[in-house]
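**Student:** Sequence:
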Amino acid sequence: MKQVIGVFQHGREEAAGALLDLLDASGQAYRVFPLHETGDVPDETFSHLLVLGGTMSVNDEPEFPFLTDEKACIRKMVGQKRPVLGVCLGAQMIASAFGARVYPSHKETGWSDVTWNGAVPGIPLSGRLRVFQWHGETFDLPPGASCPCSGDAVRNQALWYRSALGVQFHMEVTREILDGWTAGLDPAARAAITGEAYRVLPESREICGTITRAFLEGAYVHGA
5 MKQVIGVFQH GREEAAGALL DLLDASGQAY RVFPLHETGD VPDETFSHLL
55 VLGGTMSVND EPEFPFLTDE KACIRKMVGQ KRPVLGVCLG AQMIASAFGA
105 RVYPSHKETG WSDVTWNGAV PGIPLSGRLR VFQWHGETFD LPPGASCPCS
155 GDAVRNQALW YRSALGVQFH MEVTREILDG WTAGLDPAAR AAITGEAYRV
205 LPESREICGT ITRAFLEGAY VHGA
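For the sequence shown, my numbering assigns the number 5 to the initial residue and increments by one for each residue that follows.
What you were told as hints is all true, and nothing was included just to trick you.
Here are the simulated SDA-like pairs of lysine to any residue, each with C-alpha atoms no more than 25 Å apart in a straight line: (1) LYS111 / ARG203; (2) LYS111 / GLY140; (3) LYS85 / ARG166; (4) LYS80 / GLY126; (5) LYS75 / ALA223; (6) LYS75 / LEU220; (7) LYS85 / ILE9; (8) LYS80 / ARG217; (9) LYS85 / ALA104; (10) LYS85 / PRO125; (11) LYS75 / PRO108; (12) LYS85 / VAL106; (13) LYS111 / ARG159; (14) LYS111 / HIS139; (15) LYS75 / GLU141; (16) LYS75 / HIS139; (17) LYS85 / PHE102; (18) LYS80 / PRO66; (19) LYS111 / GLU17; (20) LYS75 / ALA33; (21) LYS111 / PRO146; (22) LYS85 / GLY122; (23) LYS75 / GLY15; (24) LYS111 / THR198; (25) LYS85 / ARG35; (26) LYS111 / VAL204; (27) LYS85 / ALA33.
Label-pair restraints from in silico Cβ distances: (28) THR49 / ARG203: 40 to 46 Å; (29) THR49 / GLY199: 43 to 49 Å; (30) MET60 / GLU180: 21 to 27 Å; (31) PRO206 / ASN63: 34 to 40 Å; (32) LYS111 / ASP47: 34 to 40 Å; (33) GLU200 / ARG105: 31 to 37 Å.
To be clear, the hints were calculated from the coordinates, so they are not data collected in a lab. All residues carry an ideal CB built from backbone N, CA and C; glycine is no exception.
Construct the entire structure; sequences and hints are all you get.
**Tutor:** Shown next, in the form of structure tokens:
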């Protein structure tokens, strides 16, 4: 049976957005698993694993027991040298799966600058990037992992560990996702975010495309 890309979703509002557009364009088979609805992590072997964001914490295993199995799945994929890509909660899941601490941080909401200052095969990014943030926790690096991207308010904006890459920021955002997430903000804060989106979303999509292509090609897979 042909292996597919597994996409783990953690909430109705935490859609894959631009990532799904790129998967569609790639022609590769994928399946989206709404773990927040089923509570079950599929016992399948995937060619690649994409772990999306969510409103829960990686530490909320008593409330969301599937998180334990999800971390085990991440470890299995990395052990098999299969590409894993995590976004926001997904990046924190990678860190936690390999024993690193995830804990409350300065809350980042809206557009911010980060610096891509590390070399990751297949990802020709460098310097300052304008990205979207929507998180209140951060992660330490697992032993042997590197941090290719950093921020001023929250240092660790990405981690690279063997066949897994995680980014803290939301490169997958679309205008529709932004409209949903910002609906509860006061009008001025919402206008600032959505107004800047017209200018910044094209850059965000380029960043998403660069990282997703490396994921699909397995370009950053390394280590035993």
